[in-house]
Amino acid sequence: MMAAPMRNVDEIRDRVILGEFGVRNVHSTDFPGNYPGYDDTWDLRKFKKNFRLNIAHMDENTLEFDMVGIDAAIANAFRRILLAEVPTMAIEKVFIYNNTSIIQDEILAHRLGLVPIKADPRLFEYRNAGDEEGTEIDTIQLQLKIKCTRNTRAAKDSSDPKELYLNHMVYSKDITWVPIGNQADVFGDSKIGPVHDDILLAQLRPGQELDIVMHCVKGIGKDHAKFSPVATASYRLLPEITLLQTVEGEKAERLKRCFSAGVIEVENINGEQVAKVVNSRLDTCSREVLRHDDLKNLVKIGRVRDHFIFSVESTGILPPEVLVSEAINVLIAKCQKFLTELESSEME
Amino acid sequence: MAAADTEKKRVLEMVQAAGADEGCVTFVLHEEDHTLGNSLRYMVMKNPDVEFCGYSITHPSESKINFRIQTRGGLPATETLRKGLNDLTDASKHVLHTFEAQVKEFKLKQEEAME
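In order, the protein sequences belong to chains A and B.
Each residue of the first sequence is one higher than the one before, counting from 1 in this note's numbering.
Each residue of the second sequence is one higher than the one before, counting from 1001 in this note's numbering.
Check the hints yourself; a few may be wrong.
[Claimed, not checked] Heads up, simulated SDA-like pairs for lysine to any residue below, C-alpha to C-alpha not over 25 Å straight-line:
id : chain 1 : residue 1 : chain 2 : residue 2
1  : A       : K48       : B       : A1101
2  : A       : K48       : B       : K1093
3  : A       : K337      : B       : T1026
4  : A       : K49       : B       : E1100
5  : B       : K1083     : A       : Q336
6  : B       : K1109     : A       : G316
7  : A       : K256      : A       : H224
8  : A       : K48       : B       : P1048
9  : B       : K1104     : A       : H57
10 : B       : K1064     : A       : H57
11 : B       : K1109     : A       : T62
12 : B       : K1093     : A       : V266
13 : B       : K1064     : A       : D66
14 : B       : K1109     : A       : D66
15 : B       : K1093     : A       : N50
16 : A       : K337      : B       : K1109
17 : A       : K276      : A       : V266
18 : B       : K1083     : A       : N34
19 : B       : K1107     : A       : S234
[Said to hold, decoys possible] Sample of chain B residues at the chain A side, in silico, Cβ under 10 Å:
id : residue
20 : E1013
21 : V1015
22 : L1040
23 : Y1042
24 : K1046
25 : H1059
26 : S1063
27 : L1075
28 : T1078
29 : L1081
30 : T1089
31 : D1090
32 : F1099
33 : E1100
34 : E1105
[Said to hold, decoys possible] Derived, one-sided and incomplete: chain A residues facing chain B with beta-carbon distance under 10 Å:
id : residue
35 : L44
36 : L53
37 : A77
38 : E85
39 : V324
Think of the hints as simulated: they come from the structure by calculation, not from any bench.
We treat Cβ as the ideally placed atom computed from N, Cα and C, and that holds for glycine.
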């Protein structure tokens, strides 16, 4: 199987080439005036015609989709916004009334801050700078009040802390929500609290206790990573593997083993074992093949410049598809902010 | 509150060299970084009336970018910036609509498979 070779100019424009000693054609060059015979002026109709988006996989917390026909500058903006500019609610103020445990106040406060809190940030406002109190529209109050005691019913000869003590492990499930104002009515059904019940926060021994009140506020990942709504958000370019010549016999088998499983298969054609590219999407682009002198000139490895395979993993606060929509809306809002600013500065 | 109002936070500034025409402007975008800088640069560079467009982050501890535009034929740089922002909005809106339609379709298919 041999694909028709691309025109040289098109290869420079549309493919990133993985060479033996480096990566070629890394940058986008599709700007007006760069290529005679190509109209690279921005054209919304053309963009809409070429743009494709396909969801490959989606569940409660993860999402994989292909975004095709867009430049890395814009795809990267979406990715960066997902990480740093889509807001969530997180613990920001920790009031420690009592902490006799072995874990220091500041370490405990930091751990608490990183616990994902299930609450829809779209229903809250940002707290004003300098406001220490907070109101029902910008604050969620949580409480952690727990004391470790001896288990009187434990066996006499037991040495297992699980049997000997009660409440010796403090988990995120021990955090309770204390509604402020009308919050009990407004959010009554949505059960505000930690996303996960089983995050270990501290360990106690009999007589030790924690008495803590926390304020959650709305924030963005740019300010602190605890506000980031995603565990990961990344993209990779679609790999493209092209065989330049027919590869047969032992070479075909070796070629197959140079790539990730499922990328290349060996087929029997008229009694000859012939290599065929089956699914280049699966490849990790290891470039192993370029270490084989007799194989490296038989194959071209590249990536499609405008084909992004996005992968978004939510922390569980909001579903991943909502996060992507929110991220795109953030970019639109940025543009609108500067457009209105341009209008008003021209009025002056 | 009055003090906060008078000291209104700057969002956008225009810097021009003495004697430069309105086609050569450096815009200072406050509270922005590569996210808007690079995507907007791409859009502005897609405009054939633009001779040069580039941006820089002044210093890691300052949250602003200098966004430079030089146009052809004395066209006001503000016009090309406005077009860039509008084009980026249009593209983003199309991505958003396509994405939401695909999500809806995917969920529908998933429900059908469950039945």
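Here is how each hint holds up against the structure:
1. K48/A / A1101/B: At roughly 14 Å apart (the allowed maximum being 25 Å), A1101/B and K48/A satisfy the hint.
2. K48/A / K1093/B: 11 Å, holds
3. K337/A / T1026/B: Holds, at about 18 Å.
4. K49/A / E1100/B: 17 Å, holds
5. K1083/B / Q336/A: 12 Å, holds
6. K1109/B / G316/A: Between K1109/B and G316/A the Cα gap is close to 23 Å, so the pair holds against 25 Å.
7. K256/A / H224/A: 45 Å, violated
8. K48/A / P1048/B: 20 Å, holds
9. K1104/B / H57/A: Holds. K1104/B to H57/A sits at ~13 Å (cutoff 25 Å).
10. K1064/B / H57/A: 37 Å, violated
11. K1109/B / T62/A: 17 Å, holds
12. K1093/B / V266/A: 44 Å, violated
13. K1064/B / D66/A: Answer violated: K1064/B to D66/A is near 32 Å, above 25 Å.
14. K1109/B / D66/A: Holds - the C-alpha atoms of D66/A and K1109/B are around 18 Å apart, at most 25 Å.
15. K1093/B / N50/A: Roughly 15 Å separates the two Cα atoms, so the pair holds.
16. K337/A / K1109/B: The given pair, whose Cα atoms are some 38 Å apart, is violated under the 25 Å limit.
17. K276/A / V266/A: Holds, because 6 Å separates the two Cα atoms, which is no more than 25 Å.
18. K1083/B / N34/A: 20 Å, holds
19. K1107/B / S234/A: 22 Å, holds
20. E1013: With a closest approach of 9 Å, the E1013/B hint holds.
21. V1015: 13 Å, violated
22. L1040: At about 8 Å, which falls below the 10 Å cut-off, the nearest Cβ of chain A leaves the hint on L1040/B intact, so it holds.
23. Y1042: 4 Å, holds
24. K1046: Holds - the Cβ of K1046/B comes within 10 Å of chain A, reaching about 4 Å at its closest.
25. H1059: With Cβ-Cβ at 16 Å, over 10 Å, it is violated.
26. S1063: 9 Å, holds
27. L1075: 14 Å, violated
28. T1078: 6 Å, holds
29. L1081: 7 Å, holds
30. T1089: 4 Å, holds
31. D1090: 5 Å, holds
32. F1099: 6 Å, holds
33. E1100: With a minimum Cβ separation of about 6 Å from chain A (threshold 10 Å), the hint on E1100/B holds.
34. E1105: At about 8 Å, which falls below the 10 Å cut-off, the nearest Cβ of chain A leaves the hint on E1105/B intact, so it holds.
35. L44: 5 Å, holds
36. L53: Holds, because the Cβ-Cβ distance from L53/A to chain B comes to roughly 5 Å (cut-off 10 Å).
37. A77: The hint holds - A77/A has a Cβ within 10 Å of chain B, the shortest such distance being about 4 Å.
38. E85: Result: holds, 7 Å to nearest chain B Cβ.
39. V324: Cβ of V324/A sits 6 Å from chain B, so the hint holds.
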